[in-house]
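**Q** What follows is each chain in one-letter form.
Number of protein chains: 4
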Amino acid sequence: MTRIKIGQVGLGRLGKVHAQNIVNAIPNAELWAVASIVEEELAYAKNELGVPYCYQSYTEMINQNDLDAVVIASPSGFHTVQISQALEKGLHVFSEKPIGLEMKSIENVVQNIESSPDLVFQLGFMRRFDHSYQYAKSLIEAGTLGELTSIRCYGIDPHVGLNDFISFARNATSGGIFLDMSIHDIDLVRWFSGAEFKSVYALGNHIAAPQLSEYSELETGACLAQLSNDVVVYLLAGRNAMHGYHVETELIGTRGMIRIGNAPEKNLVTLYDENGVVRPTSHHFPERFREAFINEIQSFVNAIIKQTPSTVTGVDGMKSTEVAIAMQQSFDEKKVIYL
Amino acid sequence: MTRIKIGQVGLGRLGKVHAQNIVNAIPNAELWAVASIVEEELAYAKNELGVPYCYQSYTEMINQNDLDAVVIASPSGFHTVQISQALEKGLHVFSEKPIGLEMKSIENVVQNIESSPDLVFQLGFMRRFDHSYQYAKSLIEAGTLGELTSIRCYGIDPHVGLNDFISFARNATSGGIFLDMSIHDIDLVRWFSGAEFKSVYALGNHIAAPQLSEYSELETGACLAQLSNDVVVYLLAGRNAMHGYHVETELIGTRGMIRIGNAPEKNLVTLYDENGVVRPTSHHFPERFREAFINEIQSFVNAIIKQTPSTVTGVDGMKSTEVAIAMQQSFDEKKVIYL
Amino acid sequence: MTRIKIGQVGLGRLGKVHAQNIVNAIPNAELWAVASIVEEELAYAKNELGVPYCYQSYTEMINQNDLDAVVIASPSGFHTVQISQALEKGLHVFSEKPIGLEMKSIENVVQNIESSPDLVFQLGFMRRFDHSYQYAKSLIEAGTLGELTSIRCYGIDPHVGLNDFISFARNATSGGIFLDMSIHDIDLVRWFSGAEFKSVYALGNHIAAPQLSEYSELETGACLAQLSNDVVVYLLAGRNAMHGYHVETELIGTRGMIRIGNAPEKNLVTLYDENGVVRPTSHHFPERFREAFINEIQSFVNAIIKQTPSTVTGVDGMKSTEVAIAMQQSFDEKKVIYL
Amino acid sequence: MTRIKIGQVGLGRLGKVHAQNIVNAIPNAELWAVASIVEEELAYAKNELGVPYCYQSYTEMINQNDLDAVVIASPSGFHTVQISQALEKGLHVFSEKPIGLEMKSIENVVQNIESSPDLVFQLGFMRRFDHSYQYAKSLIEAGTLGELTSIRCYGIDPHVGLNDFISFARNATSGGIFLDMSIHDIDLVRWFSGAEFKSVYALGNHIAAPQLSEYSELETGACLAQLSNDVVVYLLAGRNAMHGYHVETELIGTRGMIRIGNAPEKNLVTLYDENGVVRPTSHHFPERFREAFINEIQSFVNAIIKQTPSTVTGVDGMKSTEVAIAMQQSFDEKKVIYL
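Residue numbers (the working numbering), protein chains in the order written: chain E, 1 to 339; chain U, 1 to 339; chain D, 1 to 339; chain Z, 1 to 339.
Isolated chain E, as found in the complex (with noise of 0.2 Å):
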């Protein structure tokens, strides 16, 4: 059997969820090498993941190792170079989202990334690799919808990480709500319509956290879109769920309308208590996304193996975050943005 050799740089929260995947649930890729500047991180590789190889330099593991592929989970400000790197290594590159900051250098990578047609590049839109996401295309795709004329996505934290979140705002600048949350239901919108962002015009309210106004942070981020389509877009974007983490998306069509996540039940069992008839939630990300996480990175390495083109491209990861700029600006600038 072919097993992929990969090198992962960064291990944080995300990074652990792939780093554990590839050793736990994908037999033909291997974890050969890691690269953290956290000696917590490194330690944790070596002694519970029985990585071979760990460094304290991404640029170092990627000269010294023989490896097949990149898997990127550092801070978003290191993306566009790091991807960069790797290609010019000769390496198949995964990388999570967002694919960069700003648009300049993400218009770099984007090049690069299409001048190396023979190496797979994948951005971590993982939700994309979701059964329920993968059902709701294969729906719209038979057009058990007809033709899509409205679009809602939710994306909103769970309310036991908010005050966490209210801390790193205190000490850092976050790319701002649109730019960190909506991005991934930008993404959404554009794989389920397959149109693009025509205008934007974005809202907010830091209501339920008013701390967040001192760091210029929304709790709340709200944004009315209209595709080159004419489809009507509803993006809303929070911080403070109080049932758990509420990723949703509605697609209304001209024959029928999907609920994707309506309620983001944790599995088949319903409680009834005396609270009422109880679906338990799903309370963060790498719970929602178990096996969207495993399906990303086993769809990433199938695509080396077989040599098939990426499901998520670079340019992907550029539009999206144009959008997601767009948005920030409109609510900055109160005004409509047209794209």
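Hints listed in this document are in silico derivations from the structure and should not be mistaken for laboratory results. Take these hints with a grain of salt, some might be off.
One copy or two, it doesn't matter: identical chains are merged, so the pair holds either way.
As the list claims (entries may be wrong) - List of simulated lysine-lysine pairs, DSSO-like, C-alpha gap at most 27 Å:
1) K89 to K104
2) K97 to K46
3) K319 to K334
4) K335 to K89
5) K5 to K97
6) K306 to K46
7) K104 to K5
8) K137 to K89
With chain E held as given, fit chains U, D and Z onto it using these hints.
**A** Then chains U, D and Z, alone, in the frame of chain E:
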């Protein structure tokens, strides 16, 4: 507009529901008189409902008033006698279930009912008048389920009433869980299937209320039965639903399955909170069957005005009691009873 | 028993609902007279409902009869004049929404209403009288949701009525989708939040009914708004729900989320068939809001008898119309409108 | 990384599921050899799964290969012999259920298993490894339900397989619906309750497939049972669920109720279409228990590597078979059987 003059006996919990409905929701009826041995009940009728004539004696009420009909909501032990008295006076009769407590007097009263074909007699199986049950019946009649193969009926009283029942059981003798509670489900099985019970086998326990064993009462009673047409039936009665008032009926047919009250949702509200995704529930029978109680009396009044036959007959009362008694016997004697 | 004598003008689809409810479900009111220019409607009232007095002229009706109150269910253009006429005659007034079509005459009629504080005036925002909406309101008032942060309202008419609307639009001018349909949701937002609209931005399309573009009508209308207290609001109106009549309201607060009508379940029946697990749905507004229509007239009659203030005022009608007009303007002028 | 070398016998429908999982989803195992008398199955293993060693004979396979463990997915009649043979060769054993067909040989094989405490033996009750079932178990262990009072288990195969079963029954003898299907539910009852069956009473019919009566098979089999701790149990097995593969378990306790698979939702998609609000369903066991099948083999492999005890023992297989046989006897003899 014709307005049917009603005299009602009994103004306990269920009696109050009927009295209020006659006054507030049924324009073509009026609550002309009430009879009760409880002083407060008569005061309530006079002051809150504006009932013109109040009696301590049922006999006096039906003798002295120019009534069209009676509503009997007195303790079960009085039903057969009061029904026969009213019929003798030429009054239409609506009686709460059960029609009686033992077969001999029930057979007599059914004979009296059948000897008065011009008088409307209706028994209080209100579930038949619930929108959900009527919708289910219409689906069955339309053939949506094909032929029935299996029926499951749950009737579980809310936990909040358990202590009251334990107190009641300490001081009095109920008919037992099957005669008290399963009788509604027995009627539903007969109504939905159009068939009669062939055999019953009953079990039970009082794990949730061990004190009940002292009073020879069950908290949970279960019965596996078979109908004349081979349909398999499972009946579960209980006194301890933590989530409210759980009345559920399942009908499996050769072409599909229906569940009525799978979750006893209070309304169309869904609450997403720290418990998960919650459907609040109906908490007691007046809430769950609020409309059904109005509809059954409206149906009774309309039958009188339009001279149409009753929809829930004395025979329905007799047959369901017969089955409930057999279930109790099966439990007592630990064997299958054939009817 | 006091019985309020009602005269009703208009017996179209909605008018019939009111007339039937007054006759069949509200014992302390009677439908004493009706006025209509449609012969069949008068015949219906006389023959089916037994209404004693029938007029072709509204003015004649309110002049010649000893009425207590009027119910106005005539075309929207007549509302303001008929309300003022009735108030002048000293009659209590229930009027269907909208209170009027343009702001000048609405302001006048609101002044007339406020000059008659002894007369009950109630506007037909029946959703406020629906059990589910009232339950949601009680949860909000109990603080279950904390402070509101975001509201979403959907009002989507059933597909089965789309062709009728297209025919109507061919021959007549509606007020547009926002004034026709969103007005109910605008009222709900004001009712639930206790706040007023600050800004609106509207979009739309007619992908599901391209013919509507010829008549300057939308099939889908969407609006992103913000309230005076910063709450974010999304309103979606449509004319093509394949699954029935979809009225849904979502309230997100700092401590939880509520959805009312997430799925417009017809009743408590669940059908398991070759399509999957199916909840049958309400198919039109008389079905979905059957009880609410009874409750709102009952509430109006009770307010008259008990001399209590109205629950849906002229100002509620004026404010909601003002917002709906601003939404249409936003759509026409493609810009954010500040109120 | 240690990789457990597995030899598998039987590559029918369920065998294929196991073989694919070992190859595609379990990095610390490899499918080293297979045995089958069906030529196509061996070709499939060789060509599609890349299995190195293929045998026509089970004995030959376990004699000639340096295996660590066997997976037995052969017809039920071979299980006891093949288990004992493998144990003799010092191999760890995973066997599909049932452990055997009659009590004598089962008792023998259980003795063999218990005489080899260093070898892992695991029986294929995969439901225990399903996330929903594991979550339910954790709730019970946490005391969320209080003490159990009543359990209900449904196992209804999809209608689409009914004709295949009829053909099968024409030519062969199954163990009957209780031994074939209810055995999974019997195991769940034992697992959840920690108690043993005390009495069983079974009924059945073949209304949905009258032909089955000729082959002494049931389409619907039902059983009312009581456990040693007085818990009431209802088991329903069927072969004709129109909506898919219906496996449901209900646990009622003194403090709440749980349903697992109340509706066998395929995923998080809800479809709103002309049928109503639809949850698409799982259509067969490989779909519903996809993850559970992976988890049970992963658990077996991990138990070998970590030298931990098995989670589903030979005794579990023996006890569940004993109850299933009693249910069949109860049906045949039309009486209550006490165990």
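**Q** Which earlier hints turn out false for this structure, listed by number in ascending order?
**A** When the structure is compared with the hints, numbers 4, 7 and 8 turn out to be violated.
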